[in-house]
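Asks: Start from chain R and add chain E according to the hints.
Residue numbers (the numbering used here), protein chains in the order written: chain R, 1 to 410; chain E, 1001 to 1410.
Everything labelled a hint here was simulated from the structure, so no lab data went into it. Quick caveat: nothing in here was measured; it's all calculated off a predicted structure. Every residue gets a Cβ at the ideal spot worked out from N, C-alpha and C, and that includes glycine. Be aware that one or more of the hints could be misleading.
Simulated crosslink set (SDA-like; lysine to any residue; CA at most 25 Å straight-line) [stated by the list, open to error]:
1) 329(R) x 1330(E)
2) 273(R) x 247(R)
3) 1002(E) x 168(R)
4) 329(R) x 1157(E)
Listed next, with one range per pair, are the computed distances between beta-carbon atoms [stated by the list, open to error]:
5) 1111(E) x 346(R): 36 to 44 Å
6) 159(R) x 1305(E): 21 to 29 Å
7) 25(R) x 1145(E): 36 to 44 Å
8) 168(R) x 1009(E): 31 to 39 Å
9) 25(R) x 1119(E): 28 to 36 Å
10) 1301(E) x 28(R): 55 to 63 Å
11) 3(R) x 1340(E): 41 to 49 Å
12) 1327(E) x 3(R): 39 to 47 Å
Some chain E residues close to chain R (C-beta under 8 Å, calculated; not the full set) [what the hints assert, rightly or not]:
13) 1067
14) 1092
15) 1120
16) 1121
17) 1170
18) 1302
19) 1305
20) 1307
21) 1329
Number of protein chains: 2
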Amino acid sequence: MKPMGTIPRDFQVDPLQIGGRDAAHWAAVAGDTPLFVYDMAVVRDRIARFRAAFSSLDLHYAIKANPFAPLLATMAPLVDGLDVASGGELALALAVKPGARISFAGPGKRDDELVFAIRSGVTINLESAGEAARALAIGERHGLTPRLAIRVNPELELRGSGMRMGGRASPFGIDADRAAAVARHVIDAGADWRGFHIFAGSQALDPQAIIETQAETLALAGRLADAVGVMPPLVNLGGGFGIPYFPGEVPLEVGIIGNALAEGLENRAPGLKDTRFAIELGRWLVGEAGVYLTRVVDRKESRGETFLVTDGGMNHQLAASGNLGTVVKRNYPVTIATAAPNAPTETVSVVGPLCTPLDRLADRVTLPVADVGDLVAVFMAGAYGLSASPFAFLGHTPPHELLVGQSEHS
Amino acid sequence: MKPMGTIPRDFQVDPLQIGGRDAAHWAAVAGDTPLFVYDMAVVRDRIARFRAAFSSLDLHYAIKANPFAPLLATMAPLVDGLDVASGGELALALAVKPGARISFAGPGKRDDELVFAIRSGVTINLESAGEAARALAIGERHGLTPRLAIRVNPELELRGSGMRMGGRASPFGIDADRAAAVARHVIDAGADWRGFHIFAGSQALDPQAIIETQAETLALAGRLADAVGVMPPLVNLGGGFGIPYFPGEVPLEVGIIGNALAEGLENRAPGLKDTRFAIELGRWLVGEAGVYLTRVVDRKESRGETFLVTDGGMNHQLAASGNLGTVVKRNYPVTIATAAPNAPTETVSVVGPLCTPLDRLADRVTLPVADVGDLVAVFMAGAYGLSASPFAFLGHTPPHELLVGQSEHS
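With the rest of the complex left out, here is chain R:
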């Protein structure tokens, strides 16, 4: 038997309730399995937690975490900005937010994407001197003033983060020691300079690490502002707030991070006096809100082990199968959504329908006894789920997506 992560406290279990209804209800609403159910009440709770902890900061949603259109439309009025990573995401964002509230980061922005962003009045977070030159040339060619910020590749890195994005040679951002020069260059060229974007890592669960990183990021922004000689209108401090996927991990306490950051902002460099600050979050806002529901299609024994074979797997939940940036397969929290309360348990593996041993949603976990027709719930499915998965793989029907709990008082 292997351990699994902890089911988010947002959900009542035994039996599972999502938005006040059981899993079979949502499967019936969708008309078929598999499906993703996103509970907007959980997202609203995270936004409220953010507002309570970081009252003076802007909140940006990084839509790459989950670009499901109804979710995006419901979240847009609740956040101050949207961050996009491609022309496709930009089109989604513009449907729900004005261009002035959108920023576009990402290496390898194509010329057609830069044109689209500049025409839409979107802030482009420049990833290199070459990209700065291309954006300026496009602005010139179209008679438009591009809104440009500098994405900085900081010396610092976010300790203990699942994905380090600073402190090393990187495709992301302009090395800190050249960032001020590129900022000066775009200002001198007549662009509308929007400030800095400094992102040191993601999926961190240690508040002290985030506190230290934010302090260093603030100090770096101050030094860069001095070097540029112009007050940056906005400094995007990045995000990095993690969620607890695996055994032993616990939710991040954001209150103490907010307190430390407020103190840091009180004492910030004079060159940042009138600067606004933003935190950009994706996974932390939506990750725990999503539940993936897939139906047991077969139950089989093989050499003493029991397998529940479900109608969806790594084709919809690549990360849960351990195939997206993880070296060792660990178990996400999983349950049998249709089990009777206090049902007896057994040790089983949950595998998807793909003809590959990689397709395993849960490896030898203890679950309520289940049979063909039961629904398996995989939690932590709200971020980097469907859109980050190879859903065409092996030709299965794409899953349904439902947003529930839209109404604030439902």
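Replies: Chain E only, in chain R's frame:
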């Protein structure tokens, strides 16, 4: 500097030619980058090699390796059968091959997929006793005789294979010690029993390992036939032929495998006297035929390292980025398709446009010097490429696909 795999000998390089034209030509035909180009001449060469080595065997194509419809249509008349893994793949296969030439394997077949398969006269490779019961019940309900084969989970495993599918508790197939009983059961229930499907692993590059596995598979099929007491019409011996992705790997010599198998078939058990035998291949037939072409959008230096940032990456080529079943990132063969002959070289990393450090197509390789606008070619892109990748991730436009060299004499 890190090594990379060897470019398949099928392609002339310096400069790269695909189907007699250069990469820029195919990008112009597609109208945009990124794109996959599949060279049918390479696929025909592999089919010819198979026919030369295994003259008495049926050749099945496992379409999960590459379900691109024009490729499928061109291959269908050249192979004896198509193997599918879902209802979606079955629909693709039925467009180009009669149901009697199609088999359907895969755990977690849904009832609607079983109905579709039984109605289409497709052979269902049963993965469990439970699936056998469901298929028989559906046949009964619809007044149809299902064509059923038994997929066997063998005791043996394919040594050195990239993906072992036998020799352990498994979602795939019925344990060998129960397979004959399930075969008897479906025969007694009036099904059209088609035989056995025995698949021990995939992506093997050691001919001796394949020879041994085929010999053991043949022996197992003989024992199973005796136990059933009925001659199996077909035994699908599986596949497992690998292709050389990584440094130091060399192409598989299939001639000696064919010789050994021919000898084994000469001496096969009497219970298999009139049985036909098939080998099922996907990756080996099409993997080396594909080249992924992506354009350099940015060239940047960071802390002494050079990055070429391309307009496609792990969203189209998940396996090449090291995120599909591999623990350590190793480099696929890659080149600059648009480099002048004998251009000077440099050490660079090729990264895609996604905002994640996972998106790396080549790590510190030696390539001809390239700049914005150049085309990067990633080889070994014909199998488990686009369809096995999260192409919606971060909202980039899906890549184009081209089949070239369709005409036998072009």
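Asks: If a hint holds in the structure, say so; if it does not, say that too.
Replies: Structure-based check of each hint:
Taking the CA atoms of residue 329(R) and residue 1330(E), the gap is near 20 Å; set against the 25 Å cutoff, the hint holds. At roughly 43 Å between alpha-carbon atoms, residue 273(R) and residue 247(R) are farther apart than 25 Å, so this suggested pair is violated. Using a Cα cut-off of 25 Å, the hinted pair residue 1002(E) and residue 168(R) holds, with the two alpha carbons roughly 18 Å apart. Taken as a hint, the residue 329(R) and residue 1157(E) pair is honoured in the structure, with Cα atoms around 22 Å apart against an allowance of 25 Å.
The hint said 36 to 44 Å for the Cβ distance between residue 1111(E) and residue 346(R), and at roughly 24 Å that hint is violated. For the hinted restraint 21 to 29 Å between residue 159(R) and residue 1305(E), the CB-CB distance of approximately 22 Å keeps it satisfied. Checked against the hint of 36 to 44 Å, the pair residue 25(R) and residue 1145(E) passes, with Cβ atoms roughly 39 Å apart. Against the hinted window of 31 to 39 Å, the Cβ-Cβ separation of residue 168(R) and residue 1009(E) comes to about 37 Å, which satisfies the hint.
A hinted range of 28 to 36 Å for the beta carbons of residue 25(R) and residue 1119(E) is consistent with their spacing of about 32 Å. For the pair residue 1301(E) and residue 28(R), the supplied restraint of 55 to 63 Å holds, since their beta-carbon distance comes to about 56 Å. Between residue 3(R) and residue 1340(E) the CB atoms are about 57 Å apart, so this pair departs from the stated range of 41 to 49 Å. For the pair residue 1327(E) and residue 3(R), the beta carbons lie near 21 Å from each other, so the given range of 39 to 47 Å is not met.
Interface restraint check: residue 1067(E) against chain R, minimum CB-CB distance 6 Å, threshold 8 Å, status holds. Here the hint on residue 1092(E) is kept, as its CB sits about 7 Å from the closest CB of chain R, short of 8 Å. Because the beta carbon of residue 1120(E) sits about 15 Å from the nearest beta carbon in chain R, more than 8 Å, this interface hint is broken. Evaluation of the residue 1121(E) hint against chain R yields a violated restraint, the C-beta minimum of about 19 Å exceeding 8 Å.
Checking residue 1170(E) against chain R by beta carbon gives a least distance of about 5 Å; that is within 8 Å, so the hint holds. The restraint placing residue 1302(E) at the interface with chain R holds, with a minimum CB-CB distance near 4 Å, inside the 8 Å limit. For residue 1305(E), the shortest C-beta to C-beta distance to chain R is roughly 4 Å, which falls under 8 Å, so the interface hint holds. For residue 1307(E), the suggested interface contact is upheld, since its CB lies about 5 Å from the closest CB of chain R, less than 8 Å.
Annotation: residue 1329(E) was flagged as interfacial toward chain R, and the flag is violated, the nearest CB pair being 11 Å apart, outside 8 Å.
Checked against the numbered hints given earlier, the structure breaks hints 2, 5, 11, 12, 15, 16, 21 and satisfies all the rest.
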